[in-house]
Structure formats: structure tokens, C-alpha cells
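Please build the complex by placing chain B on the supplied structure of chain A, with the hints as guidance.
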Amino acid sequence: MKVHSGNLALEAHDVTHVDQDPALWEKVVRKLRAGVMPPLGMPRPAKPDYDRLASWLETELDKAEAAHPNPGRTEALHRLNRAEYQNTVRDLLGLDIDAAKLLPADDGSYGFDNIAGVLKMSPSLMERYLAAAGVVSRLAVGAPVKSPEAAIFRISPALPQYDHVEGLPFGTRGGALVKYTFPVDAEYEIHVELQRSGTSGGISGLAEAHDMEVSIGGEQVKLFSLKPRGGRAGAQAEGEGQSKEADADLRFRIPVQAGPHDVGVAFLLKTHAEETGMREPFRRTDNSGGNGVNLSQPHVAALIITGPFDKPGMARTETPSRKLIFACHPASAPEEEPCAKEILANLARRGYRRPVSDRDLAPLLAEYKTGHESADFESGIEMAVRRLLVSPEFLFRVERDPAGIAPQTNYRVSDLELASRLSFFLWSSIPDDELLGLATQGKLKDPMVFQQQARRMLADARSQALVQNFAGQWLYLRNVPAVTPNLDMFPDFDEGLRQDLRHETELFFGAIVNENRSALELINGNFTYLNERLARHYGIPNIYGSRFRRVELGDLALVRGGLLGQGSILTVTSHADRTSPVLRGKWILENILGTPPAPPPAIIPPLPENNRVGGKVLSMRERMAEHRSNPACAGCHKIIDPAGFALENFDAVGRWRDADNTPAVTWVRSEATAPIDASGVLPDGSKFNGPAELRQALLSDPSRFATTLTTKLMTYALGRGVEYYDMPAVRAIVRDAAANHYPLQTLIMDVAASQPFQMRRSPE
Amino acid sequence: MNFITKKALPRRAFLRGAGSALIGLPLLESMIPALSAMSSTPANPVKRLGFIYIPNGVCQGPWWPKSAGPGDSKLELSPTLTPLEPFRGQVTVLRGLAHHQAEGLGDGDAEHTRAGSVWLNGVHPKLTEGADVRAGKTADQIAADQICKDTALTSLELALEPNYMVGNCNDGYSCVYMNTFVWKTATMPLPMENNPRVVFERLFGMGGSAAERLAEIRRNRSILDSVSEEMASLQKSLGANDRVIVSEYLDSVREIEQRIRKAEARTDGGALPELLERPAGIPESFEEHAKLMFDLQWLAYRTDVTRVITFQLAREFSNRSYPNIGVTDGHHTVSHHENTAAKQEKYAKINKYHVELFAYFLGKMQSTPDGDGSLLDHSMFLYGGGISDGNKHDHTNLPLLVAGGGAGRLKGGRYLEYPEATPMSNLLISLLDKAGVKLDKLGDSTGPLKVDGLSAL
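Line order of the protein sequences matches chains A and B. The first sequence begins at 247 in my numbering and counts up one residue at a time. The second sequence begins at 390 in my numbering and counts up one residue at a time.
Everything labelled a hint here was simulated from the structure, so no lab data went into it. In this text, all values refer to a predicted model and were calculated from it rather than measured experimentally. Among the hints, a few may not be true.
[Stated by the list, open to error] Quick list of the computed label-pair ranges, beta carbon to beta carbon:
#1 SER578/A with ALA604/B: 23 to 33 Å
#2 GLY791/A with ALA604/B: 45 to 55 Å
#3 ASN630/B with GLN687/A: 28 to 38 Å
#4 PRO315/A with ASP539/B: 51 to 61 Å
[As the list claims (entries may be wrong)] Subject to a maximum C-alpha distance of 16 Å in a straight line, what follows is the list of computed EDC-like cross-link-like pairs (lysine to aspartate or glutamate):
#5 LYS569/A with ASP337/A
#6 LYS468/A with ASP508/A
#7 LYS468/A with GLU439/A
#8 LYS625/B with GLU639/A
#9 LYS516/A with GLU454/A
#10 LYS392/A with GLU601/B
#11 LYS515/B with ASP560/B
#12 LYS557/A with GLU435/A
#13 LYS587/A with ASP606/A
#14 LYS277/A with GLU304/A
#15 LYS468/A with GLU435/A
#16 LYS515/B with ASP498/B
#17 LYS425/A with ASP344/A
#18 LYS615/A with GLU588/A
#19 LYS347/A with GLU582/B
#20 LYS738/B with GLU676/B
#21 LYS526/B with ASP833/B
#22 LYS392/A with GLU605/B
#23 LYS347/A with GLU550/B
#24 LYS781/B with GLU727/B
#25 LYS625/B with ASP647/A
#26 LYS455/B with GLU474/B
#27 LYS651/B with GLU373/A
#28 LYS347/A with GLU590/B
Just so you know, even glycine gets a beta-carbon here, dropped at the ideal spot from N, CA and C.
Bound conformation, chain A alone:
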């Protein structure tokens, strides 16, 4: 037999001895299953023979692995990444922090940022952990703050505030809602800044009077009346000195109890508000051709909370953190040390994710004593917590080989290590007491107990971490905040829409996990989540208000069903000024079919300069014809581009279109248009026209997508790259889930139950 593909030259390899080079034959299987081998246009065996070859190879590979199993080895030290640190602080200390303000982002590998091997330590990072530990321990214990500090919450100037913001009281428009942890019981100053014009620095939208309320915990604590500031009626009070300072007085002091509170600011809706039809809804507020903001009504630019300022006589509030930390309160000096020990033993057990010994507690108690000497009992606890937060046992998940084990021996990871593997997989956080308790008793290795725990944890709200961290990276949702569609071409792409796009996909993925729906619905689902803003963007009528709700798509599922109809995916795979069938095709190959294309060659021949040739308007497809006619490009682009072409009916921000009017020069909207041709052929030969048929083609062999998803889940779960020896486990999971149409929870739980997750191999 003769097999060729790209960089794989297989003639020298003996297909009758697959077990001699399983790494190579796994590559072959992957290419066969994706249908990219042999290349399009080359003679290809009939479909049944082709599939039989792939199946036969898989069976041989599975047999080879069964004869010499290898569960692989994630590195012994696995540093918590930023998201895990944040969640761990939440679960250990009952404290919500924004870790992005304390720690740098982590480097990714294999598409995820929780890969043990590249989560390195360096002096600058260690310094950050040290600083973060100071901030976190102080907030958690509620230690007195020496000097007031200011927290600033800035609102994007690209976020229009003409409509109601979810979470703020009805009858208001615009503003912002922030969650802030007030460090101690004291007085704080709250200051609201209003959006300014870019040119004059004046505050916009003050032609009429407006009322603005500030609320804490949903209760109005202050009402400001903004007076009209001269100027022509309806014009912005730009350039007038007074208006520049119109927000200087929007500040007040108020006593607030320590702990987390929702702080809101919003404008009261005016009864004679402008009619919606009179203004341009959903036009970017910062889009006025570089001339600055042009607002008809005032917008909040920032909410600044400064404090604490002493307020004698306030009762001490027991914050959620203090309740969690202070398991006891010493009534007298002799009680202090035993109490400190109790508190720290409890925190260390949960923070180190295992039972702790006196040896573990000694350094914590030493810090406690130092802190106590310089001030009081609580300062001692604060210092000990700070010490705990930079302990290697806290910052790293440590997996130890059993003592005296021979090299390259497979073994089951300990129950405690398994508990951490499971909780970091499902929650991106530490085990809770129930899981840790079972592991400590050695019961977690029991498959029934393990499965019951996994199910319980998936039902817990903390499993939202899978949406944020797994789906956020797998589907590129993390890039949504950074996309910048061309302002002139997409004047309505504002910050609100950007947030809504991401929210839709997060809710959609979350629903499929929570309801244990078929993973295939990620491709062909017939429901989604929309609010008015997003529904209008999609051209779907009769959805009102800022709240997201589930929408059954019915016939619209042909257009909007599944991830490929969602604006988030369509936008992150587009350029600023046009769609990119290449980026979309590449995204599908990588994330749906599991066969990422090679990077482009060093020298790239040009696309035609613009979309007009001899007066004829060329579509993106026509402009990209070079990709298929130039042999240097065709090998890959024949595979990459077609899936992207099927989505050409979606423009660069995910709206439906029947014609491509991407202009030749971006600042002039083209009058002429080219009709969309959304037909194509997948690498395996399946033909399609438009998104609906693309979905069918992608799911013609549903195990392909299930395999890709399972491989991604496995990478994320293990914190290492998936190797050839893991593939038999992946295939077994996919095979077993096929009968029930691949329920997503089942895939997740089977990954957790798999050999690579449950076992480990000692080093060479």
C-alpha cells in the first residue's frame, strides 16, 4: 500500500507493524478521519474501503496500546494559573478578586493556558505572587487600612448608555453596576465621572436636566440632579468651561459595611425621553470620525470609590471572608494560640488540598507569631494567610511518584491527587470539603463514588469555570473583547454588542453542559440566547429588553443554529474590515475537525489589489481564486477555504447578507455588490452550499467532531498535550458516547474516568 500526505512519507513504514511506530500511525488516522488524505484531486479509494482502512488502523493502535499501556505523565509541579488562583481565593477565603489586576496572564500551549510544562516560575512572577498575597490576606481578614486607596471602574466610551443596563433598577438607563469589596467598616467617597468629548474635554449631553442615582446593594443612597448647561438646545455643551467641571461635584461620602457590595449608578429615565425612532439606536458612541464623543444624553465614564476614611462608632461587620476564616474567636490570651492553630490548620488543609501535619503548620504559626507581636491576634492571622498564599504547596499542585517506584511504571494517582485533578478540571479551583473528605478517606478511587462526585460537581455553579476557561479558549471567546471591527464599516459595533456576542455563546455552551445535551448540538442546535440588542443585530424580531432569554430558533436554526451561526465565532474569525474565509476555515479545521493546517509559507503571493477587475466587482471568493490556482497555495487552501466560504453569508460581525459589498477602499462603502456563493466541498468530498449544509457535512460523521472535542477536553483536563498513547482512550470515550448521541456531560465525565486522568507513569 502506498500512502502520501504532505510531510508524511509513509512508504518506508510497514503497515503490518503498526505497533512499531504508533505516533506516526495516529497521525495517519487523524488525517484519514478528517478526510484530508490523500489530497483532493488525487485518486481516493471508495468510501467503504477508505473507512475500513481507518478503522483497521485504529483497532491495531488500540491493541498496541492495550498491550503496552501508557497513561502519560503531567509534570510533577503544576502551578495554578491566574483563573485558578482567582477561583481558589474565592473558595478558600470567600473573597472575590480580579486576579487580572494582581497577576500576569499565563502563557498558553496546545491552545490552553493551564499546561503544566509551561506554567513556569520567574522572579518577576514570584514578586507578583508576594504582592498579591499581601492584598488578598489584608482584604480577607479585614485588616485596618493605613491610607485610603482609590478603586476606579472605567466604562468603555464605546458603550452606549441610552438603554437599560441589566442588573440596574427598571426605570433607569445607562450607568454601570460594579461589585466592590469594601475592606473595612468605614466611610467611603463615591465619585462619578461623566463621559467627555474627545475634542473639547467638555461633558456631552447636558442640554437638559438629568437625574442620576447611586445605589449600594440595590438601595438608592444618593440622587444627583444634573442641571442643564447652556448652549444651543439639543447641542452638546461642548467647549464651555463650566461643563468641563459639571461632574466635579458628583461625589459624596457614605458609611459602608465591610464586605462585597453591588454599587450601581444610573440615570433616571425621563418621562419625555426622546422617541427611540428619533435617534440612531445602537450607533457607537465613540464613533464620530475622530471628532470625539457626540452624545445626546450624559453617559457615565467612571465610578471611583475612595477610602476607607475613619468613621468612629461603626459596628464591626463579619464579612463572608471573616466568617470563613475565623473558625474561633479567642476570648483571652491563652486561647489565642490554640485558636490560631485551628484556623490555620483548616485553611492549610483546604489550601494545600490534603491533610496537614504540624510540619506544614510550623511556618504558618511562625508568621502568625511575628504578626501578633507587632500588633494583635488578627494581624497574626493575616500574616499567616499571606505566608500560606506564597507557599509552594499552595501555588503548585504537586504530584509525587510513590516511594521506590521503578522507572516507567504505571500507577494510579493518589486519591488526594485525583481530587485535585477533578476539581481543577471541573471548577478551575480547589476541592470542597466533601470531595476532600472522601479523598482523605481513600474512597474516591471507587468508580461509583468518583462518578457521583463528578456529577455533583458539574451540577454546582462552580462548573461555570468550564464555560469561562475551557470553552473560552477552545472557541476563542476570550478574543471577543479584543476584536475591533472597522468603525466606518460597522458603525453600530459597540461595546454592548461585543459583550452580548460573547454572552450568547457562553450561555449556549453552558446550557448544553448543564442539560447534558448532545455535544452535536454545538453544531446543529436549534436554540440560542438573545436580548434585544443581539436579536436586532441578527434581524430577529419581537425580542425586547436587555435581559438574555432562551429563544427556540425554529426555521431560523438553518441560519443561526449552533456555534457557526453565532456572531462571537464569526467575528473573532474575521478581519477588521472584511470576512476571512481562511480564518473561518482554519477555525473549523482546528476546533471542529481537529486537523489544524500548517502555517502559511514565507512568501505569500498577493490577492488581487481590490475587488474590481475591468469594472466587475469580485467577491471575496473570486479574489481568493489564487489560493486554489497557485500550486504553492492550493495544497492547503483547497482544504482551508471551502468551509469558510460556506459562512460567507455572514459578514465580518456576524450579520446575514445576501451579497458581498466589501468595498475596495475601506472608507467608501461600495455601491456595487457581488452575490454570495456559499458552496464548497469538505476535504472528505462532502459537498455543501451555505451554513445549513455545512453543518450537515461537518456532522456527516459525528464521531469526527466528538473526537476533536474530547481531545480538547483531555488536553485541558490533563494540563498537557494529548499524545498518541492517549488516543485509544479518546476513541473509547467517543465510541461509548455514540449510542446516546454524545451527551456533553458524559464526555466530560468519561474524560475524568479515563486512564490518562486516573493514572500516571513514573519518569525514565
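Only chain B this time, still in chain A's reference frame:
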């Protein structure tokens, strides 16, 4: 007095200090003598080094100066480089240097990844996404080891773009190769910080009075001492293969301990600023952000907190658009200009804009007195990137220029052309030599630049 002006730092870039009083700027001024006792004289080697990286190559035509002819190296600034006019006498543009190790060499076409990774070490990065990531110790770190022995920070690594993005790394290479171009050792990449507030806190601490700071420093030292001990016992419980990362951790802890000791010694005089305004976070506007990060570098040099800084003006492969200068297409998109005039024009516009930002920084350095001259006189900056023409992804004829007086050891105002494919690593050796750091070999270097054209001596 030339402290952070309102223009440089719009009001929203900074928080008001406690009690809403804006910072007393003279406070900063008064602390300077205490912090920068070091004065440079022409006889001393250069004391400050900076490396500023631009991604995606440059538009060739407008970048390269006109050749003045054989034997004449007088610099005539090209269109892209005109913002450097005020410093022309201290700017040298180099042509002909190359990073051969950035090429595929059997590792595929990930040109952007390697371009950044190779820039300061001349070492071909290992193709991997696993624990075996490996590049080479970078020139800035080699210099920092020697010239930052007595500064509070060994070095500072800065960037503008976030690195949480997904799908922007070349398959097969860990994202770390693109997120940073600084390696402390061949296996320890240093993260680059893009949040001005964090940079400020690294430079000047978390605030508070001198006494509070000192107390804080002592608390941290006590904690680190105890962490070192714990690490040592953890190390014993692990197999030999797993000890590497523990020792990296241990080294990190020890280095910070040393830094803290230095800081402790300095704080004795209570000379640190008490009410210096700290940045609020990452400004919304790119330009404000870039200038703020340059301001912080200027502040770091000026207060002698460190003498070696690396700065990534944009991440390699960046597709940021610059609507504020009229370029709404992505940077990477226009860098593949396909020899079309419209794209080249935008490409060159971005290149020039970056140079303008650099010139803003040079201006601040030039107008700040230092010893017998200005800060710029006593500094040396390498500005450039690891790709020549973005359309070709080539690593020969790299866009590179050196700015600053190098404490009298750099002669500027020249355009130096080297034989094609001269290793850029040779330039790094020569630059380090100017800083008093002797190095025989770096990456693929073949020796110092043959004719030491940089020399003023």
C-alpha cells in the same frame, strides 16, 4: 522641570492621591538625588540600556535612509524615521544585519514566532509546546546581571498588548515564544507586563509612608526566608527530574530576597516618594497607554530603579488597527502589503507612528539632565524587529537603529551598511561591550561587528 506633564498623562490616566490632592510634583524631584547618585562621565561605560521591539517588519522603501555613497556614512533620515530628527546626532541606522536562526531550519514556517524569540539571543527556539521550551539567555539579561547588581530591580520587561488571546500562536510552538522576547536563562522566559499600575507598583511599591514601606519590606523578607526553607524540603521529596522547576522557584525566591534587601537599605533614608500618583490601570487609548509606559521607563531610568528595560511596542503577529492615525486595517494585514501602494502606505504609516512614540520617549530622556549631560547622553537604545519585510517574513536586512549617546561611546548621525547577512548577534556583542559587558559569543555570533562602526573612540 519636566515631570509628567498633563499632555503626556491625561487626567484620567492617574488617580488622584488620598484626600483628592493632586500630587506634589516637587516631592519626586526631591527624591531624585537620593536615588540616582550615580553620575556618568564620558570615561564611564553607559549605564542604561533599552531594547524596543516592533513586530511585522517594516515597509522597506520609506524605512531605509539614502546611502550617501562609499566611505560616507552620514545619516539622512528616511521618511519613516523623520520623527528622530531632534536626535539625529545620536541615532545610527544599521543595515545588512540578519538573524539566520529565525529561519525555519526544518521547523516549518512559524516566522513570526521565531522573529521575536531570536531577536536578543540569536538562538533558534525549540519547536515545542511542552515543558521543554527552550531558547537562549537574552543580551539584556546578560547585561542586567552585570550592570544592575546594585539596583532595586534587575530589569524591567514591558509590553502593550495583552497575551491572553487564543489562536494567535503558531501551531507547535508554545505561546510563550511570542508573548515575550526576554529569557533569563535558556529555560526561563520572563513575562512582559502591560499594566502601568503594576509597573508603577513594581518600581515604587504599593504606597504608604516610609515607615509603612519599611515594615512591609521586612514582612516580605521574613516570608521569603521561610518559603526558601519550605522549598528546600519539598525539593527533597521529589524525583531528580522534577527538581528543575523547584530550583527555578527557589532561584526566584532568592533573587527577590536580594532585591528586598537592597530596597530595605534604600528605604532607610525615607527618600521614596510618598504621594507619587499611581496609574489607575490600562488606559483606553493606545497612544495614552504607550506614552504612559514610556513615561514609566523614563521614571525607572531617572530614579535608577533599574538600568535595563525591554519593551514590546506590539506583539509579533499583532493585528492591531490604528484608527487614531487613520489606519483601520490590522497591522499584520497591511504588513502583507502584496506590493500594493494602498497597503504599503498604511504599513509605513504604522511604522512611522511607532517611531514617533519612540521619539516622544527620547525627547523626555534628552530633556532630563543627568550628571554632565542628559539621560539620553548616558543611555543606549536598540529599536527594531526580527522581520525585515512583513510581506516576505525575511530575517535579513533587519530594521535596526541605535539611539543615545552611550556616555560618549556611541557615535551617532550615521547610516552604517554591513555586508548582507552579517549576524545581528554581532551587533548585540558590540552593544554590550559599549555597556562594559564583555561577551565572546552570543547565539550565532561570529565576533563583534567587524568594523566597530559604532565607536566614537
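Hints versus structure:
Checking the proposed 23 to 33 Å range against SER578/A and ALA604/B shows it holds: the Cβ atoms sit about 28 Å from each other. Roughly 52 Å separates the CB atoms of GLY791/A and ALA604/B, a value that falls within the hinted 45 to 55 Å. The supplied range of 28 to 38 Å is met by ASN630/B and GLN687/A, whose beta-carbon atoms lie about 31 Å from each other. A hinted range of 51 to 61 Å holds for the C-beta pair PRO315/A and ASP539/B, which are about 56 Å apart.
Straight-line distance between C-alpha atoms of LYS569/A and ASP337/A comes to about 13 Å, which keeps the hinted pair within the 16 Å bound. A distance of roughly 14 Å separates the Cα atoms of LYS468/A and ASP508/A; the hinted pair therefore holds under the 16 Å criterion. Our distance criterion of 16 Å between C-alpha atoms is met by LYS468/A and GLU439/A, whose separation comes to about 15 Å. Restraint check for LYS625/B and GLU639/A: satisfied, since their Cα atoms lie roughly 14 Å apart, inside the 16 Å limit.
The straight-line distance between the Cα atoms of LYS516/A and GLU454/A is roughly 10 Å, inside the 16 Å bound, and the hint therefore holds. The suggested pairing of LYS392/A with GLU601/B holds, with an alpha-carbon distance near 8 Å, which does not exceed 16 Å. Between LYS515/B and ASP560/B, the direct Cα distance comes to roughly 13 Å. Compliance with the 16 Å bound is thereby established for this hinted pair. Taking the CA atoms of LYS557/A and GLU435/A, the gap is about 12 Å. The hint holds against a cut of 16 Å.
Using a Cα cut-off of 16 Å, the hinted pair LYS587/A and ASP606/A holds, with the two alpha carbons roughly 11 Å apart. The suggested pairing of LYS277/A with GLU304/A holds, with an alpha-carbon distance near 12 Å, which does not exceed 16 Å. Straight-line distance between C-alpha atoms of LYS468/A and GLU435/A comes to about 12 Å, which keeps the hinted pair within the 16 Å bound. Only pairs whose Cα atoms come within 16 Å are accepted, and LYS515/B paired with ASP498/B is accepted, the gap being roughly 14 Å.
Pair hint LYS425/A plus ASP344/A holds up; C-alpha atoms about 10 Å apart against a cutoff of 16 Å. Straight-line distance between C-alpha atoms of LYS615/A and GLU588/A comes to about 14 Å, which keeps the hinted pair within the 16 Å bound. Between LYS347/A and GLU582/B the alpha-carbon distance is near 11 Å, which keeps this suggested pair within the 16 Å criterion. Of the supplied pair hints, the one linking LYS738/B and GLU676/B holds, its CA atoms being roughly 14 Å apart against a limit of 16 Å.
Restraint check for LYS526/B and ASP833/B: satisfied, since their Cα atoms lie roughly 13 Å apart, inside the 16 Å limit. Under the criterion of a C-alpha separation no larger than 16 Å, the hint pairing LYS392/A with GLU605/B is consistent with the structure, at around 12 Å. A distance of roughly 15 Å separates the Cα atoms of LYS347/A and GLU550/B; the hinted pair therefore holds under the 16 Å criterion. Restraint check for LYS781/B and GLU727/B: satisfied, since their Cα atoms lie roughly 9 Å apart, inside the 16 Å limit.
Restraint check: the Cα-Cα separation between LYS625/B and ASP647/A comes to about 13 Å, which is no more than 16 Å; the hinted pair holds. Our distance criterion of 16 Å between C-alpha atoms is met by LYS455/B and GLU474/B, whose separation comes to about 15 Å. Using a Cα cut-off of 16 Å, the hinted pair LYS651/B and GLU373/A holds, with the two alpha carbons roughly 14 Å apart. At most 16 Å may separate the alpha-carbon atoms for a hinted pair to count; LYS347/A and GLU590/B meet this at roughly 12 Å.
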